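Chains P and L, in that order, are what the protein sequence lines are. Counting from 17, one number per residue, gives the positions in the first sequence under my numbering. Counting from 551, one number per residue, gives the positions in the second sequence under my numbering.
Think of the hints as simulated: they come from the structure by calculation, not from any bench.
Only pairs whose alpha carbons sit at most 30 Å apart, straight line, appear in this in silico DSBU-like list of lysine-lysine:
id, chain 1, residue 1, chain 2, residue 2
1, L, K808, L, K743
2, L, K918, P, K24
3, P, K140, L, K645
4, P, K169, L, K943
5, L, K943, L, K885
6, L, K943, P, K232
7, L, K645, L, K808
8, P, K50, L, K841
9, L, K841, L, K885
10, L, K645, L, K731
11, P, K140, L, K634
12, L, K634, L, K731
13, P, K105, P, K118
14, L, K885, L, K615
15, P, K313, P, K169
16, L, K808, L, K724
17, L, K808, P, K118
18, P, K169, P, K309
19, P, K169, P, K312
20, P, K309, P, K24
21, L, K555, L, K918
22, P, K232, L, K918
Sample of chain L residues with no beta-carbon within 12 Å of chain P, all distances over it, derived:
id, residue
23, S554
24, I563
25, L614
26, I791
27, G794
28, F927
29, F987
30, L999
Since the structure is predicted, the reported quantities are computational estimates derived from the model, not experimental observations. Using N, Cα and C, we set each Cβ at its ideal position, and we do this for glycine too.
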Amino acid sequence: MKNFSFMKYRLIYFALSLIVIIPGLISLAVNGVKLSIDFTGGSLLELHDEQKSPPMKIDRPTLQSYIGSTPEIIAVQTSGDQQFLIRSKALSNQEKDQLLLKLTPAFQRLTEVRFESVGPTLGKELMIKTLMAVVAVSVFITLYIGRQFHSVKYGLAAVMAMFHDMLVLIGMFSLLGRFFNAEVDVLFVTALLTTLSFSVHDTIVVFDRIRENVRKHPQSEFMTVVDASVLETLGRSVNNSMTIIIMLSALVLLGGDTVRLFSIALLIGAVTGTYSSTFTAAPLVVLWDSLEKSRKKKK
Amino acid sequence: MQQSKVIRTFLLIIFFFFLATLLALPKELPVKFMAAGRKFDFVLRRPQLTLPFFGQTIGGNLELKQGLDIQGGMQVVLRADMSKIDAASRADALKSAQEIIRRRVDMFGVSEPLVQTAQSGTEQRIIVELAGVSNPTQALNLIGTTALLDFRLQDSSPSAQATQSAAAFLSQFKPTGLTGKQLKRSSIQYDPKTGQPVVAMEFSPEATQAFAELTQQNTGRVLAIFLDGFPVSLPRISTPILDGRAIITGNFTLDQAKQLNIQLNAGALPVPIEVIEQHNIGASLGQSAVKQSLFAGAVGLACVVFFMVMYYGWKGVLASVSLVIYAVFTVAIYKLIGVTLTLPGIAGLLLTIGMAVDSNILIFERMKEELRVGQPFDRALELGFGRAWDSIKDANVTTIFTALVLINPLDLSFLNTSGLVRGFGITLLIGVLTSLFTGLVVTRTLMRLFLKGAAR
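With the rest of the complex left out, here is chain P (with noise of 0.2 Å):
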């Protein structure tokens, strides 16, 4: 069993994560993150217009003028220069209605492209609900995790790497919410809790391997065996997520915007899930090891 020692530059494969991980969480801290109307309730107007030329300028001041005082638009955003966002308050349809029909007038042909609204308590509740849902499955991971595997040591590693997992995502989100306006709704939520047990799935296949190695090696340095059994593993590793990443960079690219932010999640997600199994989890039961080691020593 001689090879490359993987786990030598475990110092390496930590802070790599913290340079992701830290910026992340001072964005989160200092922005938090832009929470879509699923969460803080509101209304979302989406309209299209068939543009004059040259194409009108739409900003919030505008349209604000051509409604009035009530109700107040929070923000305009544009895709396209013939489509625009308008968001506010919770509006009733009726209210809706009104709107439109003092927006109308102003416009070449103002037509709904969706409309959506969601009451302030429902969007508590909703926040409520995602957050049991993140809840059971983490708890259910780590009793999982901790049910096959017998042991501290590699349940706390595998549940560590899956908390950096969810850190990189949501840090990950908080940037892009600061820069590119990027929202965190339901289905950011439903990336998180895929990223959770792509996490865990891979990190379970390599730990799956480091046990079967010291059971066939039980002379060999730990560190060696989990040397090892990440270079076995590696191979593997990477190449299923090759395939994700291809599938899922595919969607974000060619996909359109609809689903384009809850792919970069996925994506995201899937990358981290990878690297953290390999350069986080297993870093960490050697760093556990040798602890343990050298605490028995002292004694």
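Once you have looked at the hints, place chain L on chain P.
The following block gives chain L in isolation, referenced to the frame of chain P:
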């Protein structure tokens, strides 16, 4: 394993693949391409399938159900105001409100409307999904009005004040005890003189008597028809009506008459309801997104196949074949179970295509190791499959659990019930289960059959 057994499994796979392909094909598939200097332009038609299946016929309309986010439509969440209903009969009130809304929606002519009740904390809710509705405002009015119809008699001597304020005007009408509940049915007719649409009502036998007495005693007075507390029509009783048939005239447009007719027929809502969430999605948005997603899927699939073949050679070819079989099986299963396809669901399908080769890759890598140790090919193949199974099983349990949390099949009230999230969860679950089958059974059979000689 015996060769004959392998061949039998192989034939079974071929058979099911053929069946699944038939299921998965769209009804009509126009094919246009250039090959060998000739233009091919024809339409592939799926043969109409009807199969007996445990006493039921499956088949018939095998089109993928599209979610609201794809075909456009409206979803509203309504809160039922139960404050005036005592706690014991709230569940009944909600049920009957659901039933009435369903009847109204059915008569509105929407295909496959969805009307569900949901309880959240102490709140009683009704969720309505109408696919392909082009006029949400009209639909909402139809769903939302209480439609409590009653007949009120105008005071014989209206006070002078009554002509001035609206409240005083309304207060001169006194309830008669006759309401929409005593209606047997209503229908739209046309006034033979003016050609205007009117709504004709027929009272139940018990109410016919009461209505006859009322009209006999009050001939010449105004018997106003109130809907939800407001007069829709102020007809004067010209002759006593003895047969229980009355007509509401009110300068209706045809649409208004239709709407009133639907509301009367479906009955009055037992509780007031209020819209707390609304989503209107235009149809144009979803269709182009589906096209883009499918294109992305085709490109992605081609890249995955290319990658697998380049990296694993012949084994990669076989894995790719089983990947295509996987994709076809999955779509066929969607149609059989009646999965409603949403945009996140399509994303889920593409994701699982990426994941489906995972078990194959695990197995191939295992085989490589066994070969390196010096095992003969046949033995390496079987060992590879056998040893990889444990990891595959363990690794997929968590994904299956996550998918179940997303689908929330038991409708647990503390988890989400969003259609989009469910759509993704369902495709994820079906994907994982199907990929276990294709990854293990299909690839293995193909390899046993085609690879033994070639790879040596």
